[in-house]
Amino acid sequence: MKLIDIKGLTKDYKYIEKDENKGFIYNLFNGKEKIKRAVDNITFSVDEGEAIAFIGPNGAGKSTTIKMLSGIIYPTKGSIKINGLTPIKDREKLSYQIGCVFGQRSQLLPNLPLTESMYMFGAMYNMNKKDIKKRIKELSELFDLNEFINQPVRKLSLGQRMRAEIALSLIHRPKLIFLDEPTIGLDVVAKKKLRDLFIKINKEEKITIFLTSHDTEDIQSICDRCIIINHGKIVIDEPTNRLMKDYVKNKTITITPNSSFIEFPNLLKGMKYISKDKDQIIIEVNTDIINTQEVLQFLTKKLDIDDIIIDNESLESVIRGIYEKI
Amino acid sequence: MIKNLKLAFLNIHMNIKNAKELKISFIISILGMILNNISFLILWYYFGKSVGIINGWEPTDIFGLYGISGASYGIIMAFFAGIIQIPTYISSGIFDKYLTSPKSILMKVSTSKVSTSAIGDLIYGIICFTIFAIIQKLSIFKILLSLYLVILSSIIFYSFFLVAMSISFYLMDGENVSSGLTNIFVSNSLYHGGAFTGILRFVFIFIIPSLLLGTIPVEIIKTLSLSKFIIITICTIIWLYFSIKFFYKSLKKYNSNSLFGFGN
Numbered sequence: 001m002k003l004i005d006i007k008g009l010t011k012d013y014k015y016i017e018k019d020e021n022k023g024f025i026y027n028l029f030n031g032k033e034k035i036k037r038a039v040d041n042i043t044f045s046v047d048e049g050e051a052i053a054f055i056g057p058n059g060a061g062k063s064t065t066i067k068m069l070s071g072i073i074y075p076t077k078g079s080i081k082i083n084g085l086t087p088i089k090d091r092e093k094l095s096y097q098i099g100c101v102f103g104q105r106s107q108l109l110p111n112l113p114l115t116e117s118m119y120m121f122g123a124m125y126n127m128n129k130k131d132i133k134k135r136i137k138e139l140s141e142l143f144d145l146n147e148f149i150n151q152p153v154r155k156l157s158l159g160q161r162m163r164a165e166i167a168l169s170l171i172h173r174p175k176l177i178f179l180d181e182p183t184i185g186l187d188v189v190a191k192k193k194l195r196d197l198f199i200k201i202n203k204e205e206k207i208t209i210f211l212t213s214h215d216t217e218d219i220q221s222i223c224d225r226c227i228i229i230n231h232g233k234i235v236i237d238e239p240t241n242r243l244m245k246d247y248v249k250n251k252t253i254t255i256t257p258n259s260s261f262i263e264f265p266n267l268l269k270g271m272k273y274i275s276k277d278k279d280q281i282i283i284e285v286n287t288d289i290i291n292t293q294e295v296l297q298f299l300t301k302k303l304d305i306d307d308i309i310i311d312n313e314s315l316e317s318v319i320r321g322i323y324e325k326i
Numbered sequence: 327m328i329k330n331l332k333l334a335f336l337n338i339h340m341n342i343k344n345a346k347e348l349k350i351s352f353i354i355s356i357l358g359m360i361l362n363n364i365s366f367l368i369l370w371y372y373f374g375k376s377v378g379i380i381n382g383w384e385p386t387d388i389f390g391l392y393g394i395s396g397a398s399y400g401i402i403m404a405f406f407a408g409i410i411q412i413p414t415y416i417s418s419g420i421f422d423k424y425l426t427s428p429k430s431i432l433m434k435v436s437t438s439k440v441s442t443s444a445i446g447d448l449i450y451g452i453i454c455f456t457i458f459a460i461i462q463k464l465s466i467f468k469i470l471l472s473l474y475l476v477i478l479s480s481i482i483f484y485s486f487f488l489v490a491m492s493i494s495f496y497l498m499d500g501e502n503v504s505s506g507l508t509n510i511f512v513s514n515s516l517y518h519g520g521a522f523t524g525i526l527r528f529v530f531i532f533i534i535p536s537l538l539l540g541t542i543p544v545e546i547i548k549t550l551s552l553s554k555f556i557i558i559t560i561c562t563i564i565w566l567y568f569s570i571k572f573f574y575k576s577l578k579k580y581n582s583n584s585l586f587g588f589g590n
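As you go down the protein sequences, you meet chains A and B in turn.
Here the first sequence is numbered in our numbering, starting from 1 and rising by one per residue.
Here the second sequence is numbered in our numbering, starting from 327 and rising by one per residue.
Keep in mind the hints are simulated off the structure, nothing from the lab.
Predicted model, so just to flag it, every value in this text is computed and none were measured.
Ideal Cβ positions, reconstructed from N, Cα and C, are used throughout, including at glycine.
Errors might be hidden in some of the hints.
Said to hold, decoys possible - Cβ-Cβ distance ranges computed for the label pairs, FRET-style:
| hint | chain 1 | residue 1 | chain 2 | residue 2 | range |
| --- | --- | --- | --- | --- | --- |
| 1 | B | S351 | A | D131 | 47 to 53 Å |
| 2 | B | K579 | A | T252 | 47 to 53 Å |
| 3 | A | K133 | B | Y474 | 38 to 44 Å |
As the list claims (entries may be wrong) - With a cut-off of at most 30 Å between alpha-carbon atoms, the simulated BS3-like pairs for lysine-lysine come out as follows:
| hint | chain 1 | residue 1 | chain 2 | residue 2 |
| --- | --- | --- | --- | --- |
| 4 | A | K77 | B | K468 |
| 5 | B | K575 | A | K93 |
| 6 | A | K81 | B | K571 |
| 7 | B | K554 | B | K375 |
| 8 | A | K278 | A | K245 |
| 9 | B | K429 | A | K137 |
| 10 | A | K155 | B | K579 |
| 11 | A | K89 | B | K434 |
| 12 | B | K571 | A | K89 |
| 13 | B | K579 | A | K129 |
| 14 | A | K77 | B | K349 |
| 15 | A | K233 | A | K245 |
| 16 | A | K175 | B | K375 |
| 17 | A | K36 | B | K349 |
| 18 | A | K129 | B | K575 |
| 19 | A | K175 | B | K434 |
| 20 | A | K93 | B | K429 |
| 21 | A | K134 | B | K554 |
| 22 | A | K155 | B | K346 |
| 23 | B | K579 | A | K233 |
| 24 | A | K34 | B | K575 |
| 25 | B | K332 | A | K130 |
| 26 | B | K571 | A | K77 |
| 27 | B | K429 | A | K133 |
Said to hold, decoys possible - Incomplete in silico selection of chain B near chain A, CB under 8 Å:
| hint | residue |
| --- | --- |
| 28 | L336 |
| 29 | I338 |
| 30 | N344 |
| 31 | K349 |
| 32 | I350 |
| 33 | E384 |
| 34 | P385 |
| 35 | D422 |
| 36 | L425 |
| 37 | T426 |
| 38 | K463 |
| 39 | K571 |
| 40 | K575 |
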């Protein structure tokens, strides 16, 4: 079932361009109105229970799209339906269906324990005290909040605070959660913990995830589908694993010798040396030109090999490659 | 409506609880504001005493002026301080979170902050009004009338601030314009009521309603003027209606920014 259905979504921003050759007074009363198209006629849908990565370089239109989907800003053109609701028109009804976590903005009361913010939020969503209490218990177990639930929020570490923010945004059991850079600024352990939680809420609570992040680990570990946007247009919309398959063209092969390498043979087409010395050779292989089996046959014939390691290109470099191309 | 009001009270309660956690700063900011206001009161009282009666205003009327305007300013700023944060919420993008929460956006924004120093204004207003009531030997009827006028004055404070702050939806740097407008509005409400005559009185009643905050209410209490009572009641209704309409119209201009922020 479609939870998000977007058709021809467009957002224009107007701004006034100054005439650099004229003075302040002239520019105060004159100026050319310009239009910057931030989101350009995008169409896509998201099924209930999916985990979507909505990514793109800075200024691509990600945040603008998320803000239109969550009813924060008006679209210029196009239609948005979230569980049958139009965000701007049905803003209040929609808020019961969605949760939002904006990485840099807190919704918590800084001087009070987390439970107080949770009670306040629960009341905002018309939950009674008994229901809020039950939900706090569920979320505490799910998010492992018990160790700090009674501490003032300002005393929490960034990782704990992010867990608290996410738990808070789920107090009313939304169907869909928008996550805008949720792991920004966190250390590797806190990031991992948070990613595991996102997977858990997606699988166990069946909450649809709509994530924007510049961290490819977030995308790879949480999301089944990846939409890449640039200059306001969708350029790729594919399952994350197929993205790897379709766009990973390079493999890196690291070879160590039995004793030491003396000669470095000329390589076949599609292979090139990254580095070569007597203790180690690193070769890059373009799998569009030559397959891995041929490469291995060639290398074992030409070199005295002790060990061989084959690495796929990382998602980060795949996405970097896509950003550079589009 | 009832649910919105209940939530407004809950927000205010939680925000006060949040502010009270920092006990020392909570107490200092309240006492500091009371002391600051007393110095103004003394200044104006001695000014009034030295110049005598000006346009029907006696020196002790200053207590009534500061009582009503102080109490109404205190009520709005203490419990609805979120409205003066609107320009900051807009420029920092914090406004986003109020748009994704249920219930009335205006209620949520208005009750998003409390100003502890304004609790000092409120206490100071109550003290001043009590002195005024004793000096003027106010009857029960006049005290009830005063309470009604404090409510109207609070609504006018709220409405004018809301209009001034909503200008930020249209301007990139709305904070300066909004604070300039509110300064004109508030400072003129604290000047000796006898100083406003003729065109000046018209401007500060019907265009920038500073005199509706304290001066006109004090004159109503003293003279029981029906025409002034009708004017202040009608102006309050118009201001409240217009300000809410203007806020929601302006909201359509909101283009979220992406700066960092922390708040509730």
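Do the hints match the structure? See the list:
Distance hint check: the CB atoms of B:S351 and A:D131 are about 35 Å apart, inconsistent with the given range 47 to 53 Å. With their beta carbons about 52 Å apart, B:K579 and A:T252 fall inside the hinted range of 47 to 53 Å. For the pair A:K133 and B:Y474, the supplied restraint of 38 to 44 Å holds, since their beta-carbon distance comes to about 42 Å. Between A:K77 and B:K468, the direct Cα distance comes to roughly 58 Å. Violation of the 30 Å bound is thereby established for this hinted pair.
A threshold of 30 Å between alpha carbons decides the hint, and for B:K575 with A:K93 the separation of about 20 Å falls inside it, so the pair holds. With a C-alpha separation of about 27 Å, the suggested pairing of A:K81 with B:K571 holds against the 30 Å cut-off. Proposed proximity of B:K554 and B:K375 is supported: the alpha carbons are some 26 Å apart, at most 30 Å. The suggested pairing of A:K278 with A:K245 is violated, with an alpha-carbon distance near 33 Å, which exceeds 30 Å.
Between B:K429 and A:K137, the direct Cα distance comes to roughly 25 Å. Compliance with the 30 Å bound is thereby established for this hinted pair. Restraint check for A:K155 and B:K579: the C-alpha separation of about 37 Å exceeds 30 Å, so the hint is violated. About 18 Å separates the Cα atoms of A:K89 and B:K434, which keeps this hinted pair within 30 Å; it holds. Between the alpha carbons of B:K571 and A:K89 the distance comes to roughly 17 Å, so the proposed pair stays at or under 30 Å and holds.
Distance restraint check for B:K579 and A:K129: the Cα-Cα separation of roughly 37 Å exceeds the 30 Å cut-off, and the hinted pair is therefore not satisfied. Note on A:K77 and B:K349: the hinted pairing is violated, with a Cα-Cα distance of about 51 Å set against a maximum of 30 Å. About 23 Å separates the Cα atoms of A:K233 and A:K245, which keeps this hinted pair within 30 Å; it holds. For the hint linking A:K175 to B:K375, the alpha-carbon distance of about 68 Å lies beyond 30 Å, and the restraint is violated.
A hinted pair counts as satisfied when its Cα atoms are at most 30 Å apart, and A:K36 with B:K349 does not qualify at roughly 49 Å. With a C-alpha separation of about 36 Å, the suggested pair A:K129 and B:K575 falls outside the 30 Å cut-off, and the hint is violated. Pair hint A:K175 plus B:K434 holds up; C-alpha atoms about 23 Å apart against a cutoff of 30 Å. Distance check on the hinted pair: A:K93 and B:K429 sit about 9 Å apart at the alpha-carbon level, within 30 Å; holds.
Using a Cα cut-off of 30 Å, the hinted pair A:K134 and B:K554 is violated, with the two alpha carbons roughly 55 Å apart. For a cut-off of 30 Å, the pair hint linking A:K155 to B:K346 stands: about 16 Å separates their Cα positions. With a C-alpha separation of about 24 Å, the suggested pairing of B:K579 with A:K233 holds against the 30 Å cut-off. Simply put, A:K34 and B:K575 have alpha-carbon atoms about 23 Å apart, close enough for the 30 Å limit, and the pair holds.
A C-alpha spacing of about 18 Å is found between B:K332 and A:K130, which places the hinted pair at or below 30 Å, so the restraint holds. Distance hint between B:K571 and A:K77 is fulfilled; the C-alpha atoms sit about 25 Å from each other, no more than 30 Å. For the suggested pair B:K429 and A:K133, the alpha carbons sit about 21 Å apart, so the restraint of at most 30 Å is met. For B:L336, the interface hint holds, since its Cβ comes within 8 Å of a Cβ in chain A; the closest pair sits about 6 Å apart.
With its C-beta approaching chain A no nearer than about 11 Å, B:I338 sits outside the 8 Å limit, and its interface hint is violated. With 8 Å as the threshold, the beta carbon of B:N344 comes within range of chain A, its nearest partner Cβ sitting at about 5 Å, so the hint holds. With its C-beta approaching chain A no nearer than about 10 Å, B:K349 sits outside the 8 Å limit, and its interface hint is violated. Using the Cβ-Cβ criterion of 8 Å, the hint placing B:I350 at the interface with chain A is not satisfied: the shortest such distance is roughly 13 Å.
Interface restraint check for B:E384: the shortest CB-CB distance to chain A comes to about 45 Å, outside 8 Å, so the restraint is violated. Violation of the interface hint for B:P385 is found here, the shortest Cβ-Cβ separation to chain A being roughly 43 Å, above the 8 Å cut-off. Because the beta carbon of B:D422 sits about 5 Å from the nearest beta carbon in chain A, less than 8 Å, this interface hint is met. Hint status for B:L425 relative to chain A: holds, with the closest Cβ pair at about 5 Å, below 8 Å.
The beta carbon of B:T426 is positioned within 8 Å of a beta carbon in chain A (closest approach about 5 Å), and the interface hint is therefore held. The closest approach between the C-beta of B:K463 and any C-beta of chain A is roughly 45 Å, which is over the 8 Å cut-off, so the hint fails. About 18 Å separates the beta-carbon of B:K571 from the nearest beta-carbon of chain A, more than 8 Å, and the hint is not met. Evaluation of the B:K575 hint against chain A yields a violated restraint, the C-beta minimum of about 13 Å exceeding 8 Å.
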